[in-house]
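Protein chains in written order, with this note's numbering: chain P, 1 to 252; chain H, 1001 to 1502; chain Z, 2001 to 2109.
Each hint should be verified, as a subset may be incorrect.
As the list claims (entries may be wrong) - SDA-like, lysine to any residue: derived pairs with alpha carbons at most 25 Å apart:
| id | chain 1 | residue 1 | chain 2 | residue 2 |
| --- | --- | --- | --- | --- |
| 1 | H | Lys1205 | H | Asp1270 |
| 2 | H | Lys1205 | P | Ser50 |
| 3 | Z | Lys2099 | Z | Ala2089 |
| 4 | H | Lys1049 | P | Val191 |
To be verified - Just a sample of chain Z residues kept apart from chain P, beta carbon distances all over 10 Å, derived:
| id | residue |
| --- | --- |
| 5 | Thr2002 |
| 6 | Pro2027 |
| 7 | Val2036 |
Hints were generated in silico from the structure; no laboratory data involved.
All C-beta atoms in this analysis are idealised placements derived from N, C-alpha and C, irrespective of residue type, glycine included.
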Amino acid sequence: MVRRNEAKMNNRHQTKKRLSGLLWTLLLLTIFLAGLLIWTVLNIPRPLPSLSRETAEYLAMSGVNNPVTAVLLNFRGYDTMLEVMVFLLGAMTVWSITHAPFPARVANPSPVQATAVRLLTPLVCLIGGYLIWQGAYQTGGAFQGGAVLSAGVVLLLISDFIWVPRMHSLPLRLGMAVGPLLFVILAIWGVITEGSLLKLSPENAWAYLLFLEAGCGISIGLTLAAFFAGGRPLGDLREEPYKADQDDGEEG
Amino acid sequence: MISAESWIIVPVVAPLSGALLSFLIRRGSVIISMTAAALNGLAAIILVKQFLQAGPAVYAIGGWNPPLGITLHTDGPSLIMLAMTAVAAIAICLYAWGYFSLRIDEPVRIGRAERQESFFWPLWMLQLTALNGLFLSGDIFNLYVTLELLGISAAALAALSGKTSALIASLRYLLVSLLGSLSYLLGVVFIYKTYGVLDLVLLQKMAGMEPGVIAALAFMSVGLLLKTALFPMHFWLPPAHANALAPVSSILSGLVVKASFFLLFRLWFDIFSPVLPASAFSLMGFLGAGAVLWGAIQSLRQKRLKLLIAYSTVSQLGYLFIAFPLAFAGGTSQAWSTVLFMAAGHACAKIAMFMAAGNILLHIGHDRIKDLAGIRAHLPITSFAYAAAGVNLIGLPPSAGFVAKWMMLITALSTHQWLWALVLLAGSLLAAAYVFKVTSQLFVIPPDTTLIMRHRSAPLLEWPALILALISLLMGLMAPYPLRLLEIGVTPEVVMLLGGGP
Amino acid sequence: MTNLLYSFTGLILFIFGFFALIVCAQPLRKILGCNVMATGIFLFLVATSYRADAAAIDPVPQAMVLTGIVVSVSVTAVALVLATSIRQASDPFIARRKKKAKGDARKKQ
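I would like the entire structure built from these sequences, with the hints used as guidance.
Below you can see the structure in the form of C-alpha cells.
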C-alpha cells in the first residue's frame, strides 16, 4: 500500500516535469504579452479624451442628477436594455439545464439565524429601496439596489422560510421579467410619443426613470436569487429526477 | 406618431418582445415566436425597399446623437445579412415547430422534449435579437453587448439537449466565447482611451496609426477569430455543433459564426483599413487556407453525419478568410460582395444540411454514414435537399458558392496570387469528396437491409430544408439584386454635428 | 501616477486570469480565471474615467463597467451550472444509483 502511494507520487512528479516545458513557454509568452500591454498604455497620449463635457451639457434634460445614471439609463439606455435581457437569459439558461427542484437543498437553521433574518429582511428591503431611489442623485440605482435585495432573498432561502422556495413558477417569472418588460414598453412608448426608440421627454423623464429603476431592481433581485438557488421553480418540473435522461442513444 | 424610419428598430424589438412573452406565456410560445419572425421578415423587406429609395440610413436611439448616444445604421452589407437572417429565421421556426411536435408525440421521454421546447423558443428569439442587433449596430460597446448576448444564447441552445457530450461541448463553447468577448472588450477600452468615442462613423474619420489602435485591433481581431472558429482556434466548433439538437445545429452553423465574421470584416475593411499592413491580410489568408484544407480532410475522416457537416463548416469558413488578401488587392466593394455571397449561400446550404441530418437522425435513430443506404426511399425530399446543399458547398453553378468562388478565383488569377487559386481548387475537390461520401450512400448504393423508420415523414421537417437548399442553389441566378444593394453605398455618409445633443 | 497604477493592476489581473484559463484543467478554475480577467478589464476601465478635477469625471466608462459586471455575473452563473451538471452526469456514484433506479423500474414492468 505504501509502495503504491510512492509510485503514484513519483508518477505525479514525473508528469509535472514533462509538462513544465510547455508551462514555461506559456509563462514567457504571457509575460511578453503583459509587457506589450503595459508599453501600449504608457504610450497612449495624455490628456485622455472624455465625454464628460457632453454629459454635463445634457444632464438637465435627462431627468436625473447623477451623470453615471444618466448615461446608463438615458443616453445609452439601449445598451442597458440589452444587458437586462442578458441577465434574464442567464436565468433561462440555468433553468433549462438543471433537473433538480428549486432549491436543491433544505437548510436547518438555528433559532438565532431565524430571528436575525426576520429582523433583517425589512431592513434589507428599506436599504435596497433607498439605493434604487438614490441612483438619481448619487451613486446607486437599479443594479446596486437589486444586489442588496437579492442578498435579502438569499438570506430567506437559506433560513428555511418555506414559502420562498415553494413560490410558483408564474409569479416568479413575472417578477423576473418586470424590468425587461418595462424597458420594452418604455422603448415602444418613446417611439409612439416622441418618435425615437427610448426617447424620454425631458419633463417626465425623472418619473419614467424612477419607475424603470424600481422594476429593474426587483427583477435583478429575483434573478440573482434564482441564480443562487439553482434548480427550477415549482410547477415547472414535469420529469422526475434520475429518470434516464443523460444516458440515452442518439437524438436530434 | 410612428414614422416610416422606425422600421429599423423592429428587427431588434420584435424578437426581444417575443422572447419575453414566450418566457412568460409558455403555452403560446410557438405562435408568439412565429409572429416575431414574420414581423422580422416584413421589416427586412421594408428596410431593403427604403434603402433602395433613400440610401443608407442612420437612426439615433433616444434622439441622442453620437458621441453621446448609440446609433443604428443600415447599409448594403448589413441589409444583406439582415435579409439572410430573416429568411433563415422563418425556415428555422417552421422546422423547429415540426421537430418539437414530432418529439412530443413520442410516448417516451415526453418531459424532456417539453422542457426543451419550452426553453428553445425564448432562447432562439433572444439569439435572433442579438443577430439583428449586431448587424444594425453602430457603436462598438453596443456590439460587445450583442456579442455576449449571442454567445450566451448560443451556448444555452447547444446545451439544450441535455446529453453529457452536449453539456461538455457547451461549456467549452461558453468559455471560448467568453475569452473572445473579453478580448474584444479590452480592444474597446484601448480605443476609448485613445479617441474617447465609441461610434463607428466617428472612429472611421479618426482612425490612424497609434499604439493604442494597433493593440485594440489585435485584441478585437483575436477575440472575433475565436468566435468565428478560424483554424487553429476551431477546436470548440465540431463537438458543439454536432451534439446539439437539429434546429440548434442549423442556427449555430448557419448564423452565429457569420455574425462575428461580419463584425471582423467590417472592422478591418471599413473602419480601420488605413491602419493595417498587407502582411496582416496575408496572415488571415494563410489561416483561412489552413482551415479549408484541414477542415475538409477532417470531414472526410468522420463516421457520423453531423460531425462531417460540422467540420465542413470549419472548412467553408476558411474561404471567407481567403477573401482577405484577395480583397486587399482587388478593392473593397468587390470584397464585400464576394464575402457576402459566400456567407449567405453557405448559411442557407448549411442550415438545410443540418435540417436534413436532423431528419435522418430522427427517423432512423442514428447518423452513422455507412448505414444510411436506402434512406432515399423513405425521405426523398430530405435526400434531395442534402444533395442540393452539397452542390453549393462544392461550388458548382449556379449556386451562390460558385459565384463567390468564381469572383475569388478571377481576382487571384488577375493579381497573380497563385497560391490562393490553388487552395480554392483543392478545397473544392475535397468538398466534392466529402459531399459525395454521403450522397453516394443516399442515392447510389443499393440498401442491403430494410431500414426501420421510427415516424412517418412530416412535411414541416422536410420542406424548409428543401426550400433553403434551393435558395442557395439558385442564388447565383439572382446575383444582380444583392450586388445592386452593395453598389449604392457601403458606409453611411451623413454629416453629423459633433456634440451629442438631441 | 496612481491612475497608472490602477491601469497596470487591471492589465496584470487580465494576464493572470488568461494564464489560469489556459493552463488549469479543472472547469471551476477556468471559470474563476475568466472572472479575474473580467475584473481586470473593469479595473482598467474605471481607471480610464479618473480625472484630477472631480467635476470632470468621465461617466461613460463607469456605465460600461456596470454593464460588463452584469454580463459577467450572468455568464459565470451559466458556466457554473453547466460545470455542475457535467459533474453530476459523470459522477460514478450517481450513475450507479441511476442504473439501480432503471433496473427497478424495469423489474416492476
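Evaluation of the provided hints:
1. Only pairs whose Cα atoms come within 25 Å are accepted, and H:Lys1205 paired with H:Asp1270 is accepted, the gap being roughly 11 Å.
2. For the hint pairing H:Lys1205 with P:Ser50, the CA-to-CA distance comes to about 17 Å; that is within 25 Å, so the pair holds.
3. Distance restraint check for Z:Lys2099 and Z:Ala2089: the Cα-Cα separation of roughly 12 Å lies within the 25 Å cut-off, and the hinted pair is therefore satisfied.
4. Annotation: proposed proximity of H:Lys1049 to P:Val191 holds, straight-line Cα distance about 21 Å (limit 25 Å).
5. Separation of Z:Thr2002 from chain P is adequate, the least Cβ-Cβ distance of about 14 Å exceeding the 10 Å criterion.
6. Its beta-carbon lying about 14 Å from the closest one in chain P, Z:Pro2027 satisfies the requirement of being farther than 10 Å from that chain.
7. Listed as a non-interface residue, Z:Val2036 keeps its Cβ farther than 10 Å from every Cβ of chain P; the least gap is roughly 13 Å.
Taken one by one, the earlier hints all hold for this structure without exception.
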